[in-house]
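Required output: the full structure, derived from the provided sequences and hints.
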Amino acid sequence: MLINIQFLRFAAAMLVVLYHSSAHLRSSGLDQGYLFGLGEAIGFAGVDIFFVISGFIMAWTTREDAGLLDASGFIRRRLARIYSGYWPFFLIAIVVFAWADPVFFQGSDLGRSSVLWPTNKLLLAVSWTLIFELYFYFCYTLLITLSLHRKMAVMVGVFLIVCGWSTYSEFFRGAYAQGELEYMSIAEYYMASPYMAEFIGGALAAGWLIRRPAGPGLLWLLAGVALFTSGAWWNNQFFDGHIEQGYWVFYRVLVFGAPSVLILVGLVRLENSGRAAPLRFSLLAGGASYAIYLSHTLVLTVSQHLGFNRWIGSTTPTIATIGFLILAGAILAYSMLHYRLAERPLHQFFLQIAGVGRKS
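Residue numbers 917 to 1276, in the numbering used here, belong to the letters of the sequence shown in order.
Keep in mind that the hints were calculated from the coordinates and are not lab data. Treat the hints with care, since some could be wrong.
Using C-beta positions, here's what the derived DEER-type ranges look like [to be verified]:
no., residue 1, residue 2, range
1, LEU1253, ASN1188, 28 to 34 Å
2, GLY1190, ARG1260, 24 to 30 Å
3, ILE1235, LEU1062, 54 to 60 Å
4, LEU1241, TRP1003, 27 to 33 Å
5, ARG1127, ILE1238, 26 to 32 Å
6, GLY1157, PHE1020, 22 to 28 Å
For lysine to aspartate or glutamate, the following DMTMM-like pairs were computed, each having C-alpha atoms within a straight-line distance of at most 20 Å [said to hold, decoys possible]:
no., residue 1, residue 2
7, LYS1037, GLU1049
8, LYS1037, GLU980
9, LYS1037, GLU1086
10, LYS1037, ASP1017
11, LYS1037, ASP1025
Using N, Cα and C, we set each Cβ at its ideal position, and we do this for glycine too.
This is the structure:
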C-alpha cells in the first residue's frame, strides 16, 4: 500500500504551498520569520520529491510488466490519471485569471496549456512539472515493451547517459548559463533535463528495494532529511536563494534530488519493518496531494486579489505567519474535499474511457 509514500506526497505538496506562500508573505513587507524563510529556501524542492516518487511508483507498480500489451495499459492509466486531475483546475484557472489577472490571462497559451504541451506561456504555471511527468511516462512506456531482465539494465544505462550529458551541458557547453539557457530549444529543455535523473533515480530505487526491502530505514531517512534541509544553507550561501531558477538546475538536482531518494528509501524500509505513518490521514492527504499542488496558487491568487496580502501587511509578523498557516490549512482542507468528491470519481471515469482498470 506504500502508506509512507502517500505521507511523503502530502509533505512534498505542502512544501510547495509553503514556498509560494512565503513569496506572498514577503511581498506584504513583513519579516517572513524562520518557518517561511525556510520555506522560501527549500519549499520548491517538494517538486524534486514528487519527481523521485513518480519514478519510484512507476517502477514499483510495473515490476512484473513487460511487452506491448502492458505498455499500452500503463500509458493509458497514466494519461487518465494526469488529465482527470488537471483539467478541472485548468478550467478553474481560466475563471480565476480572467477575473484576477486579465493581462496574464490574455498572454497565456490556452491551447498548449490545456493539453500540457511545452510552452513558455502556461496558464497554470505549476503545470510545467506535469509536462516533465508526461515525457517520462512516454519514455517509461517504451521501457515496458522490453523484457523484465532488460528493463533495469536499460534504466541504469539511461541514468548514466542523463548524468553524463547534464555534466557536459553544465561544465563544457555552459548550456544553463544566463544568456544561453534562454536560447535552449524547448525540446532539449524537457528531453535532456537533469530532472530526468530524479525520475530515473526513483525508478532505480524501486528496483533495488524490491530485491532488498529490509535494512536500516531510519538511518536512510535521517540522512536524507539532514541533507535536504541543509539545502537551505547551500541555496542561500552559493545561489543567493535562487537555486530553483533554471540556470542552476544541475545543482538543484544534486542538492535536493539525491536526498529525496534517500528519504524515499528510508520511508519504504521503515514501512517494511512495520513503522508506517497514520493510515487514514496518509491515504487521504497523499491522495489529495495532486489537488493541493494544482489548487494552491489559485487560492493564493484569489486571496491576494481580495486584499488578504494587503491586510496582512498592516498586521504583525506573528499574525501574518498565523494567517498564512490558516490559509495553508484551508488549501489542504479544500483539496481533501476535492479529492474525495471530484478527483476520485473523475479518475475512475477516465479509466473507464481509456478501457483500463486501476492498478495498485
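Cβ-Cβ distance between ILE1235 and LEU1062: within 54 to 60 Å? Cβ of ILE1235 to Cβ of LEU1062: about 57 Å, so the range 54 to 60 Å holds.
Is the hinted range of 22 to 28 Å satisfied by the C-beta distance from GLY1157 to PHE1020? Check passed, 24 Å falls within 22 to 28 Å.
Taking 24 to 30 Å as the stated bounds, is the beta-carbon spacing between GLY1190 and ARG1260 within them? With a Cβ separation near 28 Å, GLY1190 and ARG1260 satisfy 24 to 30 Å, so the hint holds.
LYS1037 and GLU1086: Cα distance at most 20 Å? Measuring from Cα to Cα gives roughly 25 Å; hence the hint is violated.
Kindly confirm whether 26 to 32 Å is satisfied by the beta carbon distance between ARG1127 and ILE1238. This hint is violated: roughly 47 Å between Cβ atoms.
Hinted pair LYS1037 and GLU1049, Cα distance within 20 Å: With Cα atoms ~18 Å apart, LYS1037 and GLU1049 stay inside 20 Å; holds.
Given hint ASP1017 paired with LYS1037 - CA-CA distance at most 20 Å: Measuring from Cα to Cα gives roughly 14 Å; hence the hint holds.
Assessment of proposed distance window 28 to 34 Å (beta carbons of LEU1253, ASN1188): holds, 32 Å
So the hint says 27 to 33 Å: do the beta-carbon atoms of LEU1241 and TRP1003 match that? Since the Cβ atoms of LEU1241 and TRP1003 sit about 30 Å apart, the hinted range of 27 to 33 Å holds.
Is the hinted pair LYS1037 and GLU980 satisfied, with a Cα-Cα distance of at most 20 Å? violated, 39 Å
Under the criterion that the straight-line Cα-Cα distance not exceed 20 Å, is the pair LYS1037, ASP1025 satisfied? Given pair LYS1037, ASP1025 holds - Cα atoms ~5 Å apart, limit 20 Å.
The structure shown violates the earlier hints numbered 5, 8 and 9.
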